[in-house]
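Number of protein chains: 2
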Amino acid sequence: MAKLKDLKHSQEIIESYLQDDLDQELSPAELARHLRHVHKSDVDLFIDYVKQLSSESLGDVAIELPDHILKDVIEEISPEQLKDAIEELESDDATDLLQNIEDINEEKAQELFDSLDDEYQEDIKRLRRYDDEEAGAYMQTEVFVAKVEEKISDAIARLKQMKEEGEIENIYRLFVVDDYETLRFSIPLEDLITSDFSLTFKALVEKAPEDEYQPIFARDDDTIDSVIETVENYDLSVVPVIDYQGRLVGRITADDIHDIIQENATEQIYNLAGVNDEAEEENTLFEAGKSRAMWLFLNLFTAIVASLVIGIFDETIQAYVALAVLMPIVASMGGNAGTQTLTVTVRQLALGDIDFQNAKSTIVKEVSIAGINGVIFALVMGAIAFLWFHEAMLGVVIGLSMVINLLCAGLFGALIPLTLKRLDIDPAVGSTVLLTTVTDVVGFFSFLGLAQWILLG
Amino acid sequence: MAKLKDLKHSQEIIESYLQDDLDQELSPAELARHLRHVHKSDVDLFIDYVKQLSSESLGDVAIELPDHILKDVIEEISPEQLKDAIEELESDDATDLLQNIEDINEEKAQELFDSLDDEYQEDIKRLRRYDDEEAGAYMQTEVFVAKVEEKISDAIARLKQMKEEGEIENIYRLFVVDDYETLRFSIPLEDLITSDFSLTFKALVEKAPEDEYQPIFARDDDTIDSVIETVENYDLSVVPVIDYQGRLVGRITADDIHDIIQENATEQIYNLAGVNDEAEEENTLFEAGKSRAMWLFLNLFTAIVASLVIGIFDETIQAYVALAVLMPIVASMGGNAGTQTLTVTVRQLALGDIDFQNAKSTIVKEVSIAGINGVIFALVMGAIAFLWFHEAMLGVVIGLSMVINLLCAGLFGALIPLTLKRLDIDPAVGSTVLLTTVTDVVGFFSFLGLAQWILLG
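From first to last, the protein sequence lines stand for chains A and B.
Per full-length UniProt numbering, the very first residue in the first sequence carries number 1; after that it's consecutive.
Per full-length UniProt numbering, the very first residue in the second sequence carries number 1; after that it's consecutive.
Okay, chain A solo, but in the shape it has when bound (with noise of 0.2 Å):
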């Protein structure tokens, strides 16, 4: 019922749209949401949908579908129609779009390459050549550039030329480059607009204070991460990109990194729950479901060594049940504990707000925390276990054990990330069944050993 709601729903707002119908602005995002509900339901009127989308629309719109529907659109869509719709993106989504195609179908997406305007191919060339984690694997090439000794009015009739020719939008900031390219000024357009047309940038740039239009910039080779805190500390809503050489290459609008942020962001909290994000996405519950048993299997076997532990002491536990009944609550708490740690490290990593400059105190500040927490859960679980089965040691042995796992989960809390980052793997990965490995088995370990040498010693 709900899915034909749906359907008739998004039906209705695609029908509206087409016609140019529609009250209300349709951002591509949503229009790709809409086509998504009728792909679900019905592929056929999804494509006969999709043939009557604007070039423009189609490239904008292609880039949110997940795989498995951007399949159905390369294989129902002309090239033409596609081809149209490559070109009419920036360079980054075209880029983005061709590498999406190409995951796909290899052989269409070299088709669609080669027919390509030259200097198109040349940009997604070079896009392409640049790894994920660059900040050239972010940028466009399209850019508002004017030359040192070149007058205010002519670059500014040289953008309305390229606003005319649909080449460039989202124009915050023009950058002046040298004879070498060589980025020189940053100058927002607000104070373009109000300056004098007449002069040259170099007197514009003399004008004004010292350092006023000196450009913050990202290397090409930059991560993307560092690209992100840039952004942030400095509040832009744009940044050049330049190569080794200091030459001005694209640009970085502040709405990728947007998107960048919250892709981030989900990948983290994703990650930390064993889950993958971009399985997630696909839609599919084949995709998802694989992805997340691998998992599970994961945390089955880990699962197995913690018994494997409790196994050890079989006997000690049929001669005092209630160590079965209070072991969980041991292990419990340690996870837990772990975990606060743990998500606070790879968030704060992630955030730039520790490194391994201050890797220590961040390590020390944990293991205190741990400690107290350790020490005030010890008391209250010991009275508990005493209260509970009237044996004083009983108490003793669960609050030394609570102490033992709960200042183990601050250490590899905080120990687990910092090593992974170390080792350049992502720390937010695999590190929540790492850690519960470590707190199950010291927690199982601690308590069960304890009891069997003051219980039973």
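The set of hints was computed from the structure by calculation and includes no laboratory data.
The reader is advised that the hints may include incorrect statements.
A pair counts as met if it fits within one copy or between any two copies, since identical chains are not told apart.
Calculated lysine-lysine pairs in the BS3-like style (CA-CA distance at most 25 Å, straight line) [said to hold, decoys possible]: (1) K360 / K290; (2) K83 / K108; (3) K8 / K51; (4) K360 / K8; (5) K207 / K163; (6) K40 / K360; (7) K290 / K71; (8) K151 / K163; (9) K51 / K202; (10) K202 / K160; (11) K160 / K125; (12) K83 / K125; (13) K71 / K40; (14) K8 / K40; (15) K83 / K290; (16) K71 / K83; (17) K147 / K83.
Here the structure of chain A is known, so what remains is to put chain B in place on it, guided by the hints.
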């Protein structure tokens, strides 16, 4: 050692900054970070540096400081210097800073507020009337605005003057209002700079394609989350904010949206792990430790509930100690599978990818994945248990309870956040504890109950 090196490095940077002697620009966020390093080791030196900051820097830095450091600033810095710093800030930041000061010292905040210009007081009063979740709370009142009948050149002359007086910065768009202050058009500077300045705005708009300058806006009582969605969907650099009568009252810029996205993500990640983001930011052991202890108390309570369930079956365990060895595996697998579902649901709710309209299909999807994985792990774990303890029926018991617990994990992993959201409670807060209570109780009860019935029955 690391601390000392940190201090030295920060001292050098701050001193070069104060002498205007830095090669590179230093953002307020970075300056605040170095000042925090100094504060950690030497409060007097910290105050000494802060006193030397310009009003502009002082304001920018002050909003970046955590409460316990800001406290020292407001105690040691003269009210005049603080007033100047607040007046240098944009209205939204000024409001935030005053709020932070009020949290520390209400009287001081009132004194500072009273010392501000009347116009400034009005703006702050208006912004403070908004709820934390409302768009209005995040807007600044400084906007570049023009009347429909005005000439473009007149508006640009006004912008020039406002910029010279330091009243406004980061202008990306001009907002055009009618005689009732109603927002009519939103014109990017890139279009303005390439236009004929002798035209009126009315003439400019009439020459453009229909709807070209139709504003995408937010209402001041919209939720900030919906504003974030709008900004992302339309790749905006700035959103105008209107009141219930359609009058332009302020704007929200992309850099503020960045900060909110990051903060929301941090809050979600932390809340899922039982960590309070505000307490962690305080950066004092006591605050962070206290807030974490409160979550651990809640977890202790639920762990005890799970133990009570185990306690019901103490005789069964004594008869079959293998049950004690195996039972944590069932609980652990349920907890992990449930956390996967919970995390995906929480995050997709936050990103607007799922809502109540498609809640049912989310639940169906999650239960299906959990069910399939339940069957897989039932077979795997059943076989392992059989091989380990040479008891076929033990394999059947753990297999059945695995299916039951994973189904519950999928069901409650989706239901808990959806229900919390429906009740207008943040679905990330407390949901993990609720979920693991379910998976622990169901895990232990189904496994031990089935064992009692099948093995001993």
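Hints, verified against the model:
1. K360 / K290: between (38 Å within a copy, 22 Å between copies)
2. K83 / K108: within (11 Å within a copy, 64 Å between copies)
3. K8 / K51: within (19 Å within a copy, 64 Å between copies)
4. K360 / K8: between (58 Å within a copy, 17 Å between copies)
5. K207 / K163: between (29 Å within a copy, 15 Å between copies)
6. K40 / K360: Classified as between: cross-chain Cα gap 15 Å, same-chain 52 Å, threshold 25 Å.
7. K290 / K71: So K290 and K71 pass the 25 Å test inside one copy only (20 Å; across, 52 Å).
8. K151 / K163: both (19 Å within a copy, 23 Å between copies)
9. K51 / K202: Neither. Shortest intra-copy (50 Å) and inter-copy (37 Å) distances fail the 25 Å Cα cut-off.
10. K202 / K160: both (21 Å within a copy, 20 Å between copies)
11. K160 / K125: Intra 28 Å, inter 42 Å, cutoff 25 Å: neither.
12. K83 / K125: within (16 Å within a copy, 54 Å between copies)
13. K71 / K40: within (14 Å within a copy, 56 Å between copies)
14. K8 / K40: within (12 Å within a copy, 61 Å between copies)
15. K83 / K290: For K83 and K290, neither the intra-copy (34 Å) nor the inter-copy (59 Å) Cα distance is at most 25 Å.
16. K71 / K83: Only inside one copy: K71 and K83 sit 16 Å apart there, 60 Å across copies, limit 25 Å.
17. K147 / K83: Neither: 33 Å inside a chain and 43 Å across chains, both beyond 25 Å.
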